[in-house]
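Assemble the complex: chain P is given as a structure, and chain Y must be docked to it using the hints.
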Amino acid sequence: MSYKRFYVILFLASGLFCLLPLVLDLYRLHVVIVSLFYVMMAASWNLIAGYTGQVSFAHAAFAGIGAYTSGILTVKAGMTSWLGVATGTLTAGVTGLGVGFLCLRMGGIYLSLTTLGFSEILRIIITNEYDITRGTMGLQIPPMIAPYSKAVHFFILLAGTLLTLIVVYKIIHSNMGLNFRAVQNDERAARSLGVNVIRVRVLAFAVSSALAGLAGAIYGHYLMLITPEIPSLDLQFFVLSMAVIGGLGSFAGPIIGSFALTILSEYIRAYGEYHVLVFGLVALAMARFAPQGIMGLARQFMPASGVRQ
Amino acid sequence: MLPMALMNGLVMGVIYALAALGVSLVVGIMNVINFAHGEFYILAGYFSYLFADTLGLNPILSMSLAVGMVFLFGIVIEYTIIRPTYGNHMYSLILTFILSIVLQNAYLLIFGPYPKKPPGWVKGATNIFGDFCYGNQRLAALAAGTVLIVAVFLLIKKTWFGRMIRAASQDREMAELNGVNTALLNTFSFGLGCALAAAAGVVLAPVFPVTPTSGVPVALTAFVVVVLGGMGSMWGCVIGGLILGLVENLGAAFISTGYKHLFGFIILIVVLAVKPSGLFGSRET
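Protein chains in written order, with numbering that gives the first Met the number 0: chain P, 0 to 308; chain Y, 0 to 284.
Where hints are given, some of them may not hold.
Residues from chain P that keep clear of chain Y, each with C-beta distances beyond 10 Å, as calculated [as the list claims (entries may be wrong)]:
| id | residue |
| --- | --- |
| 1 | Ser13 |
| 2 | Leu15 |
| 3 | Leu18 |
| 4 | Lys75 |
| 5 | Pro142 |
| 6 | Tyr147 |
| 7 | Ile165 |
| 8 | Gly176 |
| 9 | Asn184 |
| 10 | Leu222 |
| 11 | Glu228 |
| 12 | Ala259 |
| 13 | Tyr266 |
| 14 | Gly279 |
| 15 | Arg298 |
| 16 | Met301 |
Here are some chain Y residues pointing at chain P (derived, C-beta under 7 Å) [claimed, not checked]:
| id | residue |
| --- | --- |
| 17 | Met3 |
| 18 | Ile32 |
| 19 | Met89 |
| 20 | Leu92 |
| 21 | Ile93 |
| 22 | Leu94 |
| 23 | Ile97 |
| 24 | Ile100 |
| 25 | Val179 |
| 26 | Asn180 |
| 27 | Leu219 |
| 28 | Phe222 |
| 29 | Leu261 |
| 30 | Val269 |
Taking CB as the label site, the calculated pair distances span [what the hints assert, rightly or not]:
| id | chain 1 | residue 1 | chain 2 | residue 2 | range |
| --- | --- | --- | --- | --- | --- |
| 31 | Y | Leu71 | P | Leu263 | 30 to 40 Å |
| 32 | Y | Ser63 | P | Asn195 | 46 to 56 Å |
| 33 | Y | Leu107 | P | Asn195 | 39 to 49 Å |
Quick caveat, the hints were computed from the structure, so don't treat them as lab data. Here a beta-carbon is modelled for each residue, glycine too, at the ideal position from N, C-alpha and C.
This is chain P alone, in the form it adopts within the complex:
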């Protein structure tokens, strides 16, 4: 897909999305907003997992860092929400840089273990520092724009999603993206050709963490209540299964996965709280039998339709 075609499709799609607040009721609009949040999360997680082959379990934790930084600054220091979101994004990015430096030298399993540990540390701190975060009760924070309206927040999240998708697209189609894929395919060969493997991974990790921070911060202001549910392993699991079901390492995969699973979970909700179990089973079956996800299946069964990597 050329740059031009990508932007045409992206802006046509977002133009169509702009009409949604006119036709959807508030509940359906909420579902779309949640889907957009998951698109931001899954697309940025895909940047590290799908394109550099590093499985991070701290993506939800970085969203939590963004949400709590922004929330605490607006509530306790009286900052505006916009500045709060910017600070939250930056904090998540800088923390990501730190975690990346710490464990990316070791690669593979160590990264997964450290990020898992990091996300537990964060959850424990947030639950225990009741005076600042109000623990599991959740912290009430102001919306992005003062008279609260779902439609306005829908547009803000849509803008965030566009920004995330453009950043991810730019990165994977730049020289750095080429480096990512080289590192994923064969680390040793890439290193021998002069790719600075560690720098590539740390950079990818920091960018992806910052994007998660942005997603978490905006989503927190939309919900107006942030709880330790945002930096939880459950949310991490949702993001992971959306990316895996949609197709890791493909640009459209996480987008499709996010919308499909968010809408699916709303339907399952009618029959009780089974949606986590159902997601898990679907994700397990997909990861086992179709590791390339929905996009992989589309490539396999419709080779002529032009669905590409």
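For chain Y alone, coordinates are given in the frame of chain P:
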């Protein structure tokens, strides 16, 4: 307070060591981290509860049955889910992570959210050094854990099967050339790793009742122990397990109970920053 915390640390340390040995065995041979380790631990707790409490079997028999069933379950999981991921780190990480969430939610559906506790083996408490009274059940858990760890060491260091395991974890291809069926060995060691988690589970369940998610902190601590001790090192697991158990309980006693599990992760981060290969690790992977 100090001797009490030391005693608690020792009991937890032995359990962590046992759980970590299971993780370490699977990492050493298959190079797979089983993120569902804690869920196998919990499953054994539930099984032993079912057999002993609901069916009224004798505790020892129900514990052995529980460990045996988790062993078989582990073999089924290896055969159906883990086997196709050999050589691909990423997919084994993702698959076992998804598996752990699936199992947690399945337990929630089947056993409910309330803690389940199999009956204790012994009653009462013993006065230790005339200092404080300590539950006999915990002392029995300490003894059982120690016996199991010694048994694992004997199995790995002294038997023919152990020799195959050590050969395969040192050099897979060479072991294959010498006639080791490594595919079968993988399946069997994965089952054994799960059985070790299960053993830790049945030993600890009468002390700390099981809930669908109570395996998570134990598994996370076991991973920290494996990194601290050095991937694939058995002595590392034992020493690391004891260190973790003591640090957590001393920290809980003297600093803050809410932050009990934080100390382990701080150790993890310090180890990764200072000596990523761990205390006894030789390989860097």
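We went through each hint and held it up to the structure:
1. For Ser13 of chain P, the requirement that its beta carbon stay farther than 10 Å from each beta carbon of chain Y is met, with the minimum near 30 Å.
2. In this structure Leu15 of chain P is separated from chain Y by more than 10 Å, as the shortest Cβ-Cβ distance comes to about 33 Å.
3. Here Leu18 of chain P stays apart from chain Y, with its beta-carbon at least about 36 Å from theirs, past the 10 Å limit.
4. Non-interface status of Lys75 of chain P relative to chain Y is upheld: no Cβ of that chain comes within 10 Å, the nearest being about 21 Å off.
5. Under the 10 Å C-beta cut-off, the non-interface status given to Pro142 of chain P relative to chain Y holds; the minimum distance is some 31 Å.
6. For Tyr147 of chain P, the condition that its CB be more than 10 Å from all CB atoms of chain Y holds, with the nearest at approximately 33 Å.
7. Annotated as non-interface, Ile165 of chain P keeps its C-beta farther than 10 Å from every C-beta of chain Y; the closest such distance is 26 Å.
8. Every beta carbon of chain Y lies more than 10 Å from that of Gly176 of chain P, the smallest distance being close to 18 Å; the non-interface claim holds.
9. The beta carbon of Asn184 of chain P is kept farther than 10 Å from every beta carbon of chain Y, the shortest such distance being approximately 12 Å.
10. No beta-carbon of chain Y comes within 10 Å of the beta-carbon of Leu222 of chain P; the shortest separation is about 23 Å.
11. With a closest Cβ-Cβ approach of about 14 Å to chain Y, Glu228 of chain P is found to remain outside the 10 Å limit, as its non-interface label requires.
12. Non-interface status of Ala259 of chain P relative to chain Y is upheld: no Cβ of that chain comes within 10 Å, the nearest being about 16 Å off.
13. The claim that Tyr266 of chain P lies off the interface holds: its Cβ sits roughly 17 Å from the closest Cβ of chain Y, which is beyond the 10 Å cut-off.
14. Gly279 of chain P, annotated as away from the interface, has a beta carbon of chain Y within 10 Å; the closest lies near 4 Å.
15. Listed as a non-interface residue, Arg298 of chain P keeps its Cβ farther than 10 Å from every Cβ of chain Y; the least gap is roughly 18 Å.
16. For Met301 of chain P, the non-interface assignment is confirmed: its Cβ lies about 24 Å from the closest Cβ of chain Y, beyond the 10 Å cut-off.
17. Proximity of Met3 of chain Y to chain P is violated relative to the hint, the smallest CB-CB distance being about 23 Å (cut-off 7 Å).
18. Satisfaction of the interface hint for Ile32 of chain Y is found here, the shortest Cβ-Cβ separation to chain P being roughly 5 Å, below the 7 Å cut-off.
19. With a least beta-carbon distance of about 5 Å to chain P, the hint placing Met89 of chain Y at the interface is held under the 7 Å criterion.
20. For Leu92 of chain Y, the interface hint holds, the least distance from its beta-carbon to any beta-carbon of chain P being 5 Å, beneath 7 Å.
21. Interface hint at Ile93 of chain Y: satisfied, since its Cβ lies 6 Å from the closest Cβ of chain P, which is below the 7 Å cut-off.
22. Checking Leu94 of chain Y against chain P by beta carbon gives a least distance of about 5 Å; that is within 7 Å, so the hint holds.
23. Interface hint status for Ile97 of chain Y: upheld, as the beta-carbon distance to the closest one in chain P is roughly 5 Å, under 7 Å.
24. Nearest Cβ of chain P to the Cβ of Ile100 of chain Y: about 5 Å, under the 7 Å cut. The hint holds.
25. Interface hint status for Val179 of chain Y: violated, as the beta-carbon distance to the closest one in chain P is roughly 24 Å, over 7 Å.
26. Annotation: Asn180 of chain Y was flagged as interfacial toward chain P, and the flag is violated, the nearest CB pair being 24 Å apart, outside 7 Å.
27. For the restraint placing Leu219 of chain Y at the interface with chain P, the shortest Cβ-Cβ distance is roughly 6 Å, inside the 7 Å limit, so the hint holds.
28. For the restraint placing Phe222 of chain Y at the interface with chain P, the shortest Cβ-Cβ distance is roughly 5 Å, inside the 7 Å limit, so the hint holds.
29. For the restraint placing Leu261 of chain Y at the interface with chain P, the shortest Cβ-Cβ distance is roughly 5 Å, inside the 7 Å limit, so the hint holds.
30. The beta carbon of Val269 of chain Y is not positioned within 7 Å of any beta carbon in chain P (closest approach about 10 Å), and the interface hint is therefore violated.
31. For Leu71 of chain Y and Leu263 of chain P, the Cβ-Cβ distance of about 33 Å falls inside the hinted range of 30 to 40 Å, so the restraint holds.
32. With their beta carbons about 54 Å apart, Ser63 of chain Y and Asn195 of chain P fall inside the hinted range of 46 to 56 Å.
33. Remark: the range hint 39 to 49 Å for Leu107 of chain Y to Asn195 of chain P is upheld by a beta-carbon distance near 45 Å.
Of the numbered hints given earlier, the model fails hints 14, 17, 25, 26 and 30; all others are met.
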